[in-house]
Amino acid sequence: MTSDIPASTHPLAIHVRGLRTQFGSHVVHDDLELAVRRGEVLGIVGGSGTGKSVLLRTIIGLNRPAAGEIEVLGHLTGTGGAAAAKAIRRRWGVLFQDGALFSSLTVAENVEAPLREHSNLSPRLRREVAELKVALVGLPPDANDKYPAELSGGMRKRAGIARALALDPDILFLDEPTAGLDPIGASNFDLLIADLQKSLGLTVVMITHDLDSLYAICDRVAVLIDKKTRIDTIPELMKINHPWIQEYFGGPRGRAAIASAERAGAAV
Amino acid sequence: MLRAAGDWTTASIGDAERAIANVVRQARGVKQLNIAGLGQLDTNGAMLLLETAELAGEGQAVALTGVRDEHRRLLEVIAAASVRHTDAPDDGNPVLRVLAEVGETALKLAREGVELLSFSGAATMAIVGLALRPWRIRWRGLVTQLQATGLNALPIVGLLNFLIGVVLAYQSANQLSKFGAELLTVDSVGVGVLRELGVLITAIIVAGRSGSAFTAQIGSMRVNQEIDAMQTIGLDPIEVLCAPRIMALMITLPLLVFFADVMAILGGAVASMFALDITLTQFAKQLQAAVSINHFWVGIVKAPVMAVMIATIGCFHGLKVSSNAASVGQRTTQSVVQSVFFVIAVDAIFSIFFLIIDV
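Protein chains in written order, with the numbering used here: chain A, 4 to 271; chain B, 15 to 373.
Hints in this document: simulated from the structure, not taken from any laboratory.
Any given hint might turn out to be false.
What the hints assert, rightly or not - Chain B is faced by these chain A residues, among others (derived, beta-carbon under 10 Å):
id, residue
1, Phe26
2, Val57
3, Arg92
4, Arg93
5, Gly96
6, Asp101
7, Gly102
8, Glu120
9, His121
10, Gly163
11, Asp178
12, Trp247
13, Arg256
To be verified - In silico EDC-like pairs for lysine to aspartate or glutamate, Cα to Cα no more than 20 Å straight-line:
id, chain 1, residue 1, chain 2, residue 2
14, A, Lys149, A, Glu134
15, A, Lys89, A, Glu72
16, A, Lys149, A, Glu179
17, A, Lys89, B, Glu253
18, A, Lys89, B, Asp250
19, A, Lys231, A, Glu36
As the list claims (entries may be wrong) - Quick list of the computed label-pair ranges, beta carbon to beta carbon:
id, chain 1, residue 1, chain 2, residue 2, range
20, A, Asn191, B, Met139, 43 to 51 Å
21, A, Ala264, B, Gly117, 55 to 63 Å
22, B, Arg154, A, Asn191, 28 to 36 Å
23, A, Ser125, B, Trp153, 13 to 21 Å
24, B, Gln245, A, Gly21, 21 to 29 Å
25, B, Val315, A, Lys149, 53 to 61 Å
26, B, Glu84, A, Arg266, 35 to 43 Å
27, A, Ala152, B, Ala93, 46 to 54 Å
28, A, Lys149, B, Asp250, 24 to 32 Å
29, B, Thr119, A, Asn244, 47 to 55 Å
30, B, Phe355, A, Gly52, 34 to 42 Å
31, A, Gly52, B, Leu369, 34 to 42 Å
32, A, Ile187, B, Leu113, 57 to 65 Å
33, A, Gly21, B, Met139, 29 to 37 Å
Note that the structure is a prediction, hence the values are computed from the model and not measured.
Note that beta-carbon positions come from the ideal geometry of N, C-alpha and C, so glycine has one too.
Work out the full structure: start from the sequences and follow the hints.
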């Protein structure tokens with residue numbers, strides 16, 4: 004590999020320290036800490052406007068923090084110039100809401116786009132890699148040459164994951180992966196993410212509102228409250244005496260999700 | 015006691031509103047409102063009913079009597095949700111407000127001006143970079159844009175400029191015939207079209223056609239988070255999206271202007287044939303004799319400059335679209351208005367410049 008970043012054994016995939024983000028005078032995060040372990044699936048939850056997407060955008064460099072450090076795979080982001088930024092970028096894949104596929108390119112060309120930028124594969128090999136990734140996310144082969152507008156919402160998200168996986172990243176960021184999917188599609192998508200995570204050894208960071216996803220696939224959950232994070236497993240989080248956390252996990256939907264997770268656990 | 019009867023639903027209360035107000039005015043100070051005879055009731059009817067009770071009571075509580083079970087729950091919900099009517103917030107001194115708005119708009123314009131300048135710098139850097147490393151040029155995007163902005167624009171550019179030529183010839187002939195100088199129509203059409211009208215009309219059409227398309231295309235990519243995805247992958251949106259569009263327009267606009275010149279002069283020639291009995295051969299001879307090639311260069315040299323302005327403004331506003339669909343429309347409008355303004359401003363500056371250097 005030509006990557007400048009060695010495959011370190013650093014225990015933390017992502018370490019955010021003292022992060023402060025603000026828009027004008029509106030402070031979104033203040034002295035926020037976030038540590039994501041290697042190989043775990045971390046869910047990020049929080050009420051509307053608590054800055055879940057802003058946090059994700061800040062980690063992947065689309066938003067400049069006002070203060071604080073972000074360390075990804077042992078390397079500080081935002082240091083070392085364009086080459087370092089490029090090297091670190093190929094270590095993660097991002098699935099935006101609704102896929103954010105390039106609408107002028109076919110699915111296969113979308114998956115090829117990162118390869119084109121970050122590798123010198125021959126066109127034939129590039130196409131083969133793209134077809135493999137498309138198959139890996141459970142799309143039929145005829146999806147390869149379709150344009151995003153010809154796909155359903157669920158298929159667009161799958162294609163988005165295929166593109167995010169193009170460079171075999173260490174970290175996968177997902178922004179509300181199951182939003183807008185029907186319950187069957189959503190739980191299939193959860194299974195896909197869990198499968199990929201296990202088989203490829205990915206670290207997954209996902210913003211979600213879907214309590215079923217949280218119980219089904221997340222190892223730990225980061226709750227964004229009061230401009231900071233509380234991060235722990237769900238049973239531990241539920242011991243915290245904070246009204247939002249209690250309402251979120253203890254409300255009717257939270258209880259229903261626990262019940263269905265337990266049923267699924269009993270069935271296995 | 016007041017008695018309410020019949021259906022109180024959205025469909026019926028509109029007609030009854032005034033009648034109810036009249037009844038209430040006559041029946042002030044009642045203590046009870048009997049609604050035993052009420053038919054259907056919906057949320058809006060319930061709201062009006064409660065308002066009626068309040069008005070009739072003049073500050074004293076009015077008891078609802080004869081409430082049937084089917085209405086009770088709805089009335090409770092509406093009573094709980096009833097909000098005090100508030101006046102619109104005070105906007106302060108209107109004169110100050112106008113002044114503040116003028117100031118804010120001026121600041122916003124200045125800020126956008128600075129941003130546009132810095133974007134132009136970044137776009138120039140990207141294009142220079144591509145010129146040094148031509149293998150990084152997005153050929154497919156470039157060719158697509160060449161077709162969209164050039165080839166596809168031929169019919170409308172040709173037709174409009176032909177008509178401009180016709181109009182110019184008729185107007186000139188009309189005036190010049192008073193002096194018996196009909197043949198000078200050829201000079202008028204030739205000089206007017208080549209120096210000014212061909213490039214101006216074409217640039218304005220292209221601003222409306224392609225500048226707006228650039229903003230809408232890039233803007234909808236912004237809304238769809240495609241630009242974010244691009245940056246995450248490590249692609250520079252300016253290099254991938256803006257550079258091919260700017261380069262394409264720099265190539266196509268001069269070509270379109272040449273085509274426009276030809277069509278406008280053809281229009282002038284056809285009009286002269288009908289209005290003045292000048293044959294096409296005479297027209298061509300006179301054109302060759304009277305109109306120097308300099309006039310053509312003076313016109314066409316403005317085209318690449320205008321192309322850069324139109325494409326840069328179009329791409330800039332596309333990237334400035336915020337994450338909602340309404341913003342695409344606003345930015346597209348701004349893009350076209352500013353492009354047309356700059357096209358005419360640049361034309362004026364060129365005119366003064368050519369006057370000074372006496373071309």
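Measure nothing beyond the straight line between the CA atoms of Lys149 (chain A) and Glu179 (chain A); if it is 20 Å or shorter, mark the hint as holding. violated (24 Å)
Return the status of the interface hint for Val57 (chain A): holds when the least beta-carbon distance to chain B is below 10 Å, violated otherwise. Nearest chain B Cβ about 12 Å off; hint violated.
For Ser125 (chain A) and Trp153 (chain B), compare the CB-CB distance with the range 13 to 21 Å and indicate the outcome. holds (18 Å)
Regarding the hint that Arg256 (chain A) lies at the interface with chain B, is the smallest CB-CB distance below 10 Å? Hint violated; Arg256 (chain A) Cβ to chain B Cβ min 23 Å, cut 10 Å.
Under the criterion of a CB-CB separation shorter than 10 Å, is His121 (chain A) in contact with chain B as hinted? holds (7 Å)
Lying within 21 to 29 Å: is that true of the beta-carbon distance Gln245 (chain B) to Gly21 (chain A)? holds (25 Å)
Do Lys149 (chain A) and Asp250 (chain B) keep their Cβ atoms within the hinted range of 24 to 32 Å? holds (27 Å)
Pairwise hint evaluation, Glu36 (chain A) against Lys231 (chain A), where the allowed Cα distance is 20 Å at most: holds (7 Å)
Report holds or violated for the interface hint on Glu120 (chain A), using the least CB-CB distance to chain B and a cut-off of 10 Å. holds (5 Å)
Any CB of chain B closer than 10 Å to the CB of Gly102 (chain A)? Because about 8 Å separates Gly102 (chain A) from the closest Cβ in chain B, which is inside the 10 Å limit, the hint holds.
Quick one, is the Arg92 (chain A) hint okay against chain B at 10 Å, beta carbons? Cβ of Arg92 (chain A) sits 5 Å from chain B, so the hint holds.
How does the Cβ-Cβ distance of Asn191 (chain A) and Met139 (chain B) compare with 43 to 51 Å: does it lie in that range? holds (46 Å)
Violated hints, in rising order: 1, 2, 12, 13, 16, 25 and 31; the structure is consistent with all others.
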